[in-house]
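Listed below, chain by chain, are the residues.
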Amino acid sequence: MDIEVIVFGALTRMVQALVAASPTIFVGWLVAAIFERILGREGTYRLFGGNTWRQLPQAWLLGMLLPVCSLGVIPVMHQMRKSGISGGTILAFGLTAPLFNPISVLYGLTLSDPLAILAFSLCSLLLITILGLLWDRLFPNSQQPLEALEKTPYGLRRIAAVALSMAHQAWSRSSLYMFLAILGVGILAGLLPAGVLQRAAGKDDTLAPLTMSAVATLAYITPMTAIVQVASMFQHGNSVAAAFALLTLGTGVNLGLLVWMVRHYGFGRSLVWLGCLVGIVLVMSYSLDRPLRPKGIEPADHTHAFDTYCNPFVSGEQDYWASSKRVLQEAATPAETVSLALCGGLLLAGGLLWRLDRPQRAMQWLLHAPKVDSTAKPSAMRDIVLPDWVIAGVVLGGLVGSSLLGCFLYYPPVGEIRREMHSIEAEMFTAYQNGQWDKLEYWIPIQEDWAHKMKVSAYLRGRPLDRYTDLKLQVYKTKLELLEHATCDRDRQEALEYGRAGSKAFGRLKKALGD
Amino acid sequence: MVDDAFLNKKLRNLLRAIICLIVGLLCVGCKQPQVDPQQQEHEHFPAHWPHDIMRASKRIVQLLEDSDSKSTGTSQRENWPTATAELADLVGWLPILAADSDLGRKDFASIDSWSSQWTDLLRKHASNSESIQGLSNLEGFKEVAVQLGGICQAEQARIDRLTQDF
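Protein sequence lines, in the order shown, are assigned to chains A and B. By the count of the numbering used here, the first sequence reaches residue 515 at its end, each step adding exactly one. By the count of the numbering used here, the second sequence reaches residue 681 at its end, each step adding exactly one.
In case anyone wonders, no lab produced these hints; they're calculated from the structure. Just so it is clear, CB atoms sit at the ideal spot from N, CA and C, and this is done for glycine as well. Careful, some of the hints might be misleading.
Unchecked claim - Non-contacting residues of chain B with respect to chain A, defined by C-beta distances greater than 10 Å in every case (computed): (1) 582; (2) 583; (3) 646; (4) 662.
What the hints assert, rightly or not - In silico BS3-like links for lysine-lysine, alpha-carbon gap of 30 Å or less: (5) B:657 / B:639; (6) A:511 / A:477; (7) A:82 / A:151; (8) A:477 / B:621; (9) A:439 / A:510; (10) A:510 / B:657; (11) A:325 / A:82; (12) A:477 / A:439; (13) B:573 / B:621; (14) A:511 / B:621; (15) B:573 / B:657; (16) B:639 / A:511; (17) B:639 / B:573; (18) B:657 / B:621; (19) B:639 / A:504; (20) A:504 / A:439; (21) B:639 / B:621; (22) A:510 / A:477; (23) A:510 / A:325; (24) B:621 / A:504; (25) A:477 / A:504; (26) A:510 / B:573; (27) A:511 / A:439; (28) B:621 / A:510.
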């Protein structure tokens with residue numbers, strides 16, 4: 001690879017990862033601030049089951065519900081450590097929180113076999129239980145003593161304290177670990193030429209889980225991307241073992257998290273933990289491979305699921321700058337752009353506070369508000385002092401609730417999706433007729449995304465697609481993929497053939513939907 | 516944000532290793548894999564994929580006739596499965612092939628039901644390397660093949676009429 005390809009490819013992938021991670025990074029800072037300023041140290045300790053047997057299952061359950069990724073989880077883990085929670089529980093939470101969230105589980109359930117996602121979830125519970133117990137047995141007393149923290153007074157000042165805490169979280173060491181994680185993505189893109197992993201997950205490739213483990217440990221994937229990739233692997237009949245390794249290690253582990261561990265628990269312990277994790281994941285992967293292998297699917301001997309880990313460019317392209325811009329524009333959704341701006345704003349505020357208010361006078365002012373006697377009779381019904389656990393419960397429950405509500409926004413009604421796909425199909429029609437490759441490269445992934453969303457949307461609204469419509473949709477997705485290949489190869493004749501077949505399949509799909 | 520205490524010895528070594536890796540990577544670079552576009556073509560479909568339901572129906576009938584005359588001749592071709600395995604695959608693919616046609620819901624439902632009824636049985640039969648003749652209830656399967664042929668013929672006639680009209 002040329003130096004230009006390595007540099008531009010690595011930088012593009014790093015920015016792409018940052019953009020994709022921004023919503024969950026923002027949520028991570030919010031959750032960390034809630035733990036610090038509303039729940040407090042003791043409340044956080046109790047939330048994770050204290051020193052009882054419940055700590056590991058509770059960490060798993062909370063991890064499944066909170067919408068954070070392996071970057072957003074770092075500030076939360078930091079707060080957990082300050083709250084005196086055991087190392088095993090922190091690492092269990094850190095590993096499972098990024099694996100699943102309500103949106104990704106919903107998507108996962110619409111896989112060809114929902115049993116697969118159930119098995120993956122239970123295996124992740126088993127994995128973190130074994131790892132957590134092993135950690136606490138091998139390294140007892142790995143927790144640090146509960147760090148004293150001043151109680152936050154209630155009222156508007158508490159809300160301001162949460163916002164201020166978010167800014168502090170943004171300008172903290174956690175962000176440095178996040179940067180390292182993103183650097184890992186760049187290193188991977190620099191090391192792996194475009195398309196090199198296309199044949200890394202064949203159904204009968206016994207080395208596929210090993211290859212995937214090696215790549216996934218350095219990679220950063222958002223929970224949604226991971227589940228989409230796993231779904232794609234199932235649809236293409238790729239190795240189930242590799243899919244499990246990808247989901248667990250790719251989503252749960254990254255370079256930043258590993259460095260965080262080395263920093264807090266030491267090199268030796270981190271190495272033991274990583275070794276045990278990879279070992280258990282591999283054992284589980286190979287055990288799951290045969291029982292979960294989808295039946296009746298003709299396995300493709302290649303996949304594009306891992307193209308995003310590799311360099312996006314090949315040598316010989318002319319304008320890398322323009323190509324990078326195009327890749328990033330295509331990757332950023334409006335929600336991610338807003339989240340990125342919010343993250344940037346918090347980082348800037350945190351930086352300014354660090355520069356101008358190092359003794360944290362603003363926080364001290366908020367914490368030392370004039371005390372109000374909470375036992376005194378309230379003057380009116382609206383002036384009720386709510387206990388901290390209620391506020392924390394509402395906020396954390398609200399986060400889970402809003403991510404469930406987000407599912408309905410992310411997956412619009414089927415009719416709306418059909419109309420959107422109709423417009424895109426019209427764009428693609430002119431593009432394949434005239435060999436407009438850039439236009440095809442832009443619209444095909446968007447159309448594929450809508451096609452995936454259609455099935456989930458129907459499922460989410462309690463009216464799953466019947467088999468007739470479902471197979472029509474599957475046929476259309478196959479035609480889109482063939483058109484994508486023809487576009488990649490710049491084959492005009494094939495593009496025309498598959499484009500027409502796709503338009504025909506889309507017409508049949510619309511008819512099946514009652515158009 | 517970054518103070519000296521933070522960068523302890525191990526962390527510094529790790530960061531150095533990462534920087535060395537990046538520098539090494541930039542100096543050496545990686546080899547571009549040689550991907551043959553021809554090789555990628557049609558990887559999604561096996562060699563005996565029939566492309567449409569009409570061809571699948573005809574092939575099923577042909578395989579049954581060949582088995583009657585005890586001369587399958589199919590296993591001679593390269594990358595081609597045995598006759599029973601091919602039959603199992605064809606029957607398994609019927610629903611997706613039906614979905615890739617203009618057949619209505621009623622015909623689709625019949626084809627889908629035949630497929631789910633016979634695929635596992637045929638696959639099991641194929642895995643035991645048994646011939647089509649050894650299939651239990653072969654007559655029942657032949658009846659299904661005839662009904663499938665009927666649906667396909669009707670559909671072909673409809674397409675021919677449309678082509679003639681326009």
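Tested hints:
1. 582: holds (23 Å)
2. 583: holds (27 Å)
3. 646: holds (23 Å)
4. 662: The claim stands: residue 662 (chain B) keeps its Cβ more than 10 Å from every Cβ of chain A (closest is about 18 Å).
5. B:657 / B:639: Holds: residue 657 (chain B) and residue 639 (chain B) sit about 18 Å apart, inside 30 Å.
6. A:511 / A:477: holds (16 Å)
7. A:82 / A:151: holds (15 Å)
8. A:477 / B:621: Roughly 23 Å between the alpha carbons, so the hint for residue 477 (chain A) and residue 621 (chain B) holds.
9. A:439 / A:510: holds (23 Å)
10. A:510 / B:657: violated (34 Å)
11. A:325 / A:82: violated (41 Å)
12. A:477 / A:439: Distance of about 18 Å is within 30 Å: holds.
13. B:573 / B:621: Cα-Cα ~21 Å, so holds.
14. A:511 / B:621: Holds, at roughly 14 Å.
15. B:573 / B:657: holds (12 Å)
16. B:639 / A:511: Answer violated: residue 639 (chain B) to residue 511 (chain A) is near 36 Å, above 30 Å.
17. B:639 / B:573: holds (23 Å)
18. B:657 / B:621: Between residue 657 (chain B) and residue 621 (chain B) the Cα gap is close to 21 Å, so the pair holds against 30 Å.
19. B:639 / A:504: Violated. Residue 639 (chain B) to residue 504 (chain A) sits at ~35 Å, over the 30 Å cutoff.
20. A:504 / A:439: Holds, at about 20 Å.
21. B:639 / B:621: It holds: about 28 Å lies between the C-alpha atoms, which stays within 30 Å.
22. A:510 / A:477: holds (14 Å)
23. A:510 / A:325: Distance of about 34 Å is beyond 30 Å: violated.
24. B:621 / A:504: holds (20 Å)
25. A:477 / A:504: holds (12 Å)
26. A:510 / B:573: Distance of about 29 Å is within 30 Å: holds.
27. A:511 / A:439: Holds, because 26 Å separates the two Cα atoms, which is no more than 30 Å.
28. B:621 / A:510: Distance of about 17 Å is within 30 Å: holds.
Figure legend: structure checked against the earlier numbered hints; hints not met, in rising order: 10, 11, 16, 19, 23.
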